[in-house]
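A.B. asks: Just need the whole structure built from these sequences, with the hints factored in.
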Amino acid sequence: NCEIGDNGCKYLRRGIERNQTIRVLNIAANRFGDLGAREIQSFLLRNSSLAKLDISRNRLGPQRTMEIAKGLTMNRSLKNLRMNINRIGARGAQLL
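Sequential numbering from 16 applies to the sequence shown in the numbering used here.
Source of the hints: derived by calculation from the structure; they are not laboratory data.
The reader is advised that the hints may include incorrect statements.
What the hints assert, rightly or not - Simulated pairs of lysine to aspartate or glutamate, EDC-like, Cα-Cα distance not exceeding 20 Å:
id	residue 1	residue 2
1	Lys85	Glu18
2	Lys94	Glu82
3	Lys85	Asp49
4	Lys94	Glu32
5	Lys85	Glu32
6	Lys67	Glu82
7	Lys25	Asp49
8	Lys85	Asp69
9	Lys85	Asp21
10	Lys25	Asp69
11	Lys94	Asp69
12	Lys67	Glu32
All of these numbers come straight from a predicted model, not from anything done at the bench.
C.D. replies: Here is the structure:
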């Protein structure tokens, strides 16, 4: 829990989207919102090494979950996604 927020997700994306060595990323409880979810979407579309991502306990609702789901469409490396203690609802779960 570093509370990186949306701005921190931007810097995180820059470092991760082309990184081919990172396998596990835990950014649970970091208080990011819509912009942060878009940054995560972006690095999920480009990164091919990340196998486990924990984005639990962030303020993700159905709309933000849609951004994450878009990022997963092209990602073939991610095998484990933790999103517990968010408010994704039935619609968000359906999108995933």
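A.B. asks: Hints first: check each against the structure and report whether it holds.
C.D. replies: Results for each hint:
1. Lys85 - Glu18: 24 Å, violated
2. Lys94 - Glu82: Within the cut-off at roughly 18 Å; holds.
3. Lys85 - Asp49: Since the Cα atoms of Lys85 and Asp49 sit roughly 13 Å apart, the hinted pair holds (cutoff 20 Å).
4. Lys94 - Glu32: 17 Å, holds
5. Lys85 - Glu32: Given that 20 Å is the threshold and the Cα spacing comes to 15 Å, the pair holds.
6. Lys67 - Glu82: 18 Å, holds
7. Lys25 - Asp49: Answer holds: Lys25 to Asp49 is near 12 Å, not above 20 Å.
8. Lys85 - Asp69: Holds - the C-alpha atoms of Asp69 and Lys85 are around 17 Å apart, at most 20 Å.
9. Lys85 - Asp21: Given that 20 Å is the threshold and the Cα spacing comes to 18 Å, the pair holds.
10. Lys25 - Asp69: Since the Cα atoms of Lys25 and Asp69 sit roughly 17 Å apart, the hinted pair holds (cutoff 20 Å).
11. Lys94 - Asp69: The given pair, whose Cα atoms are some 11 Å apart, holds under the 20 Å limit.
12. Lys67 - Glu32: 14 Å, holds
Comparing the model with each earlier hint shows a violation of hint 1 alone; every other hint is respected.
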